[in-house]
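Input sequences plus hints: build the corresponding full structure.
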Amino acid sequence: MAKRSKFLIALAGLIAGIVVGVSWVTFNQQDYISEDEARAVVTERYGGSVESVSLSDDDRYFIINLKGKSATHSITVDREDSSVDGIKTVAEHKETKKPADDTKEDEQAEKEKKAAAEQEKKKQEEQQAEQDKEPEKPEGNTKLTVEDAVEIAASEVGGVNVYSTWSGNGETREYYILQLVNGEDEGALIDINGITGQVNKVIWLEIDDDYSNIEQLVYEATTYASMYDGRYIEYDDDYFED
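When we follow full-length UniProt numbering, the leftmost residue of the sequence shown carries the number 1, and every step to the right adds one.
It is worth saying that the hints were derived from the structure and are not from the lab. One or more of the hints may lead you astray.
As the list claims (entries may be wrong) - The list that follows gives simulated cross-link-like pairs (lysine-lysine, DSSO-like), each with its CA atoms no further than 30 Å apart: (1) K104 - K143; (2) K123 - K113; (3) K104 - K88; (4) K104 - K123; (5) K67 - K88; (6) K104 - K94; (7) K69 - K94; (8) K104 - K122; (9) K69 - K88; (10) K111 - K122; (11) K121 - K111; (12) K114 - K104; (13) K123 - K143; (14) K123 - K111; (15) K111 - K69; (16) K67 - K94.
What the hints assert, rightly or not - Here are the simulated distance ranges between beta carbons: (17) A154 - Q128: 39 to 47 Å; (18) G168 - W204: 35 to 43 Å; (19) S226 - N169: 13 to 21 Å; (20) T196 - E234: 22 to 30 Å; (21) K122 - E147: 34 to 42 Å.
The beta carbon of each residue, even a glycine, is placed where N, CA and C say it ideally should be.
This is the structure in structure tokens:
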């Protein structure tokens, strides 16, 4: 009877040991998150990049070093429910400075830019000063040459040019172009605006063959024409002889 009791006690102890062992194994084999899952948890929440992953002493937590823009943090992640149990800063990142050579190049480029701007400004001021010195001209007007005036006279009456002169300066200049029209003695003295090229008057007259008094003839003809408003005028040869 005593032997049977001892046997039952030993059997009960064995069963209890088996139950405790199974319970321990069951506890340690429950569903923990993997390292990859832990990495995903912290990067999705905080961004940055994972530098290292380790386990806590009791294997309950992942300790993850996560590098961000301004600092590196140590994050503790619970392996059972993937919750973050703690976070602390382990390193701060200093702002990256440009190399000395790059800084010098930037400063030189800025100096050159300012110098170019000042030079351009000075050039514009000088150009403006030159423009201020020049007398104002009527917009769109161009001063005619004698050659231009002769062409205008030929277009007006035809013939051959025998004499050209002008009076006045600048905007008051007028050209007087004498054309021999029919090849004998009939001529025309054309009064042309020296700026616009407009034909003011055409004075019909006779021209001596020797042209000895041509300057006097032009003077008298223009003086005579100034007394009349018409554009086409017949010069009276006897007017200045009376």
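Each hint, compared with the structure:
For the hint pairing K104 with K143, the CA-to-CA distance comes to about 56 Å; that exceeds 30 Å, so the pair is violated. Using a Cα cut-off of 30 Å, the hinted pair K123 and K113 holds, with the two alpha carbons roughly 15 Å apart. About 39 Å separates the Cα atoms of K104 and K88, which puts this hinted pair outside 30 Å; it is violated. Taking the CA atoms of K104 and K123, the gap is about 29 Å. The hint holds against a cut of 30 Å.
Under the criterion of a C-alpha separation no larger than 30 Å, the hint pairing K67 with K88 is consistent with the structure, at around 12 Å. The straight-line distance between the Cα atoms of K104 and K94 is roughly 21 Å, inside the 30 Å bound, and the hint therefore holds. About 10 Å separates the Cα atoms of K69 and K94, which keeps this hinted pair within 30 Å; it holds. For the proposed pair K104 and K122, the alpha carbon gap of about 27 Å is at most 30 Å, so the pair holds.
Restraint check for K69 and K88: satisfied, since their Cα atoms lie roughly 15 Å apart, inside the 30 Å limit. For the proposed pair K111 and K122, the alpha carbon gap of about 17 Å is at most 30 Å, so the pair holds. Of the pairs offered as hints, the one joining K121 and K111 holds, with about 15 Å between alpha carbons and a cut-off of 30 Å not exceeded. Note on K114 and K104: the hinted pairing holds, with a Cα-Cα distance of about 15 Å set against a maximum of 30 Å.
Between K123 and K143 the CA atoms are separated by roughly 29 Å; this keeps the pair inside 30 Å, and the hint holds. For the hint pairing K123 with K111, the CA-to-CA distance comes to about 18 Å; that is within 30 Å, so the pair holds. Between K111 and K69 the alpha-carbon distance is near 33 Å, which puts this suggested pair outside the 30 Å criterion. At most 30 Å may separate the alpha-carbon atoms for a hinted pair to count; K67 and K94 meet this at roughly 13 Å.
For the hinted restraint 39 to 47 Å between A154 and Q128, the CB-CB distance of approximately 43 Å keeps it satisfied. Distance hint for G168 and W204: a CB-CB separation of about 23 Å, inconsistent with the stated range 35 to 43 Å. The supplied range of 13 to 21 Å is met by S226 and N169, whose beta-carbon atoms lie about 19 Å from each other. In this structure the hint that T196 and E234 lie 22 to 30 Å apart at CB holds, the actual value being about 25 Å.
About 41 Å separates the C-beta atoms of K122 and E147, a value consistent with the hinted range of 34 to 42 Å.
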